[in-house]
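Asker: What follows is each chain in one-letter form.
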Amino acid sequence: MILTTGQNIALSSTGLIQDVIVGFGWNVRKGNGPLTELVPSAIVCDKNDQAISPNHLVFFNQMQTPDGDIVYIEGDDEEQLEISLKRVPLNAEKIYFVVYTDPDIRRPGNFGSVTDAYIRVAGRDNVDIARYNIDSNVNKDDFTAMIFGELYRYKGAWKFRATGQGYKDGLEGVAKTFGVKI
Amino acid sequence: MIRQDVPYIRRRVKKGNEPVQEESATSLKLNNSPIKKSRLPPFREVEDKTILTLDEPTVRLNPYQSAIGSLVIREAKVFAWETNNGYGNIVHWAQDSTAPMYGNRPLAEFHKGDIVMGLRHSKHLRRLIVGQAQGYLRATLYDGSEIVADGNNGKNVLIISRIGNQAEIRLENINGDDIIQTFGIQVMP
Chain A
1 MILTTGQNIA LSSTGLIQDV IVGFGWNVRK GNGPLTELVP SAIVCDKNDQ
51 AISPNHLVFF NQMQTPDGDI VYIEGDDEEQ LEISLKRVPL NAEKIYFVVY
101 TDPDIRRPGN FGSVTDAYIR VAGRDNVDIA RYNIDSNVNK DDFTAMIFGE
151 LYRYKGAWKF RATGQGYKDG LEGVAKTFGV KI
Chain B
1001 MIRQDVPYIR RRVKKGNEPV QEESATSLKL NNSPIKKSRL PPFREVEDKT
1051 ILTLDEPTVR LNPYQSAIGS LVIREAKVFA WETNNGYGNI VHWAQDSTAP
1101 MYGNRPLAEF HKGDIVMGLR HSKHLRRLIV GQAQGYLRAT LYDGSEIVAD
1151 GNNGKNVLII SRIGNQAEIR LENINGDDII QTFGIQVMP
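Going line by line, the protein sequences match chains A and B.
Numbering-wise (my numbering), the first sequence opens with residue 1 and increments by one.
Numbering-wise (my numbering), the second sequence opens with residue 1001 and increments by one.
By construction, these hints were calculated from the structure, which means they are not laboratory data.
Take these hints with a grain of salt, some might be off.
What the hints assert, rightly or not - Each computed DSSO-like pair below joins lysine-lysine, with the alpha-carbon atoms no more than 27 Å apart:
#: 1; chain 1: B; residue 1: 1112; chain 2: B; residue 2: 1077
#: 2; chain 1: A; residue 1: 47; chain 2: A; residue 2: 159
#: 3; chain 1: A; residue 1: 159; chain 2: A; residue 2: 176
#: 4; chain 1: A; residue 1: 30; chain 2: B; residue 2: 1015
#: 5; chain 1: A; residue 1: 168; chain 2: B; residue 2: 1112
#: 6; chain 1: A; residue 1: 181; chain 2: B; residue 2: 1049
#: 7; chain 1: A; residue 1: 30; chain 2: A; residue 2: 168
#: 8; chain 1: A; residue 1: 168; chain 2: A; residue 2: 47
#: 9; chain 1: B; residue 1: 1049; chain 2: A; residue 2: 176
#: 10; chain 1: A; residue 1: 181; chain 2: B; residue 2: 1123
#: 11; chain 1: B; residue 1: 1049; chain 2: A; residue 2: 30
#: 12; chain 1: B; residue 1: 1014; chain 2: B; residue 2: 1112
#: 13; chain 1: A; residue 1: 47; chain 2: A; residue 2: 86
#: 14; chain 1: B; residue 1: 1049; chain 2: B; residue 2: 1155
#: 15; chain 1: B; residue 1: 1077; chain 2: B; residue 2: 1049
#: 16; chain 1: B; residue 1: 1077; chain 2: B; residue 2: 1155
#: 17; chain 1: A; residue 1: 155; chain 2: A; residue 2: 86
#: 18; chain 1: A; residue 1: 168; chain 2: A; residue 2: 86
#: 19; chain 1: B; residue 1: 1123; chain 2: A; residue 2: 30
#: 20; chain 1: A; residue 1: 181; chain 2: A; residue 2: 168
#: 21; chain 1: A; residue 1: 47; chain 2: A; residue 2: 181
#: 22; chain 1: A; residue 1: 86; chain 2: B; residue 2: 1014
#: 23; chain 1: B; residue 1: 1155; chain 2: B; residue 2: 1015
#: 24; chain 1: B; residue 1: 1123; chain 2: B; residue 2: 1049
#: 25; chain 1: B; residue 1: 1014; chain 2: A; residue 2: 30
#: 26; chain 1: B; residue 1: 1112; chain 2: B; residue 2: 1155
#: 27; chain 1: B; residue 1: 1014; chain 2: B; residue 2: 1077
To be verified - Coverage of chain A stretches by chain B, computed from C-beta distances (three or more under 8 Å per stretch; other residues unrestricted):
#: 28; stretch: 23 to 35
#: 29; stretch: 39 to 47
#: 30; stretch: 52 to 62
#: 31; stretch: 98 to 107
Note that the structure is a prediction, hence the values are computed from the model and not measured.
By construction, the Cβ of each residue, glycine as well, lies at the ideal position given by its N, Cα and C atoms.
Please work from the sequences and hints to get the whole structure.
Answerer: Quick look at the structure:
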């Protein structure tokens, strides 16, 4: 199902879904100068929308690899995360998926140079349950971070909401919102 | 790839973008000298302002500090870079960088007079050696933290390297000016 901003969907009509794949995609306008580089992350939050600890922003550089345990991206996504829903601790009510522009001081860029951005949620078979295309009609020139979507518990089952909320103060703003220490 | 304390989220990897293997203990050559406390775990972490000395030469950046934004080093006039494939080169002040490019930015370069290293792609780096500072070398991070070390009229260098998912910054004293020869960097053809 294609979602619009603010829309939500139950991941499963039976509530029995165990694992999902969250995929991110985008295109960045190319040029000769420094390119905007996007970095997806997941923030695990409690019922008050605060990270369950100050370092519960999970991103690419925190993933240690047990030997032999690499899983490769399937399909066209730029990044994929697997979420094992049955293992999410009970004090975690939401997982926000935030994408930020890497703040390299050499022209970091912003979402104004990003097109075709999306987030999708799929089952283990990698078939879409939901997909949200970030609204291309919204002026994102000042955004340096965006919440693409969120997984949240609702009456014992998991749902996904298409969020599309931008931050002009980037990762710093995200950190303040969710109580993360970066 | 899984974060050990968040085992329910796993990142899938693009083919060709596999994580770099850590150095193993068997690859180290040990001598009989007593090991200074600062070289043993738990390693010193960066505080708001961290001062490196030859007695306390090492600090490790946490995974956020190691991969977000830029490491900016002031007062140095030269750096040598070396990537995981074993090749490297030296870049003098105001020269164009020869370091590999990511996102149309060199992994490290002189930018407005300072050395700037992009941490997003620091996993490709084996070592960055920074030197020829007459006074104090100052390295700053995205979160505002600062690491300060005495350049000792060019006799001390900072060595930035990756240990797993963390960057380490170490102060060392060197004899002579030839960083390439001192550190055995193989200049790319």
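Asker: Against each hint, give a clear statement of whether it holds in the structure.
Answerer: Hint by hint, here is what the structure shows:
| no. | hint | verdict |
| --- | --- | --- |
| 1 | 1112/B - 1077/B | holds (12 Å) |
| 2 | 47/A - 159/A | holds (15 Å) |
| 3 | 159/A - 176/A | holds (25 Å) |
| 4 | 30/A - 1015/B | holds (22 Å) |
| 5 | 168/A - 1112/B | holds (25 Å) |
| 6 | 181/A - 1049/B | holds (17 Å) |
| 7 | 30/A - 168/A | holds (22 Å) |
| 8 | 168/A - 47/A | holds (25 Å) |
| 9 | 1049/B - 176/A | holds (22 Å) |
| 10 | 181/A - 1123/B | holds (22 Å) |
| 11 | 1049/B - 30/A | violated (38 Å) |
| 12 | 1014/B - 1112/B | violated (34 Å) |
| 13 | 47/A - 86/A | holds (18 Å) |
| 14 | 1049/B - 1155/B | holds (22 Å) |
| 15 | 1077/B - 1049/B | holds (22 Å) |
| 16 | 1077/B - 1155/B | holds (12 Å) |
| 17 | 155/A - 86/A | holds (15 Å) |
| 18 | 168/A - 86/A | violated (35 Å) |
| 19 | 1123/B - 30/A | holds (24 Å) |
| 20 | 181/A - 168/A | holds (18 Å) |
| 21 | 47/A - 181/A | holds (19 Å) |
| 22 | 86/A - 1014/B | holds (26 Å) |
| 23 | 1155/B - 1015/B | violated (42 Å) |
| 24 | 1123/B - 1049/B | holds (24 Å) |
| 25 | 1014/B - 30/A | holds (21 Å) |
| 26 | 1112/B - 1155/B | holds (24 Å) |
| 27 | 1014/B - 1077/B | violated (37 Å) |
| 28 | 23 to 35 | holds (count 5) |
| 29 | 39 to 47 | holds (count 3) |
| 30 | 52 to 62 | holds (count 8) |
| 31 | 98 to 107 | holds (count 5) |
The earlier numbered hints that this structure contradicts are 11, 12, 18, 23 and 27.
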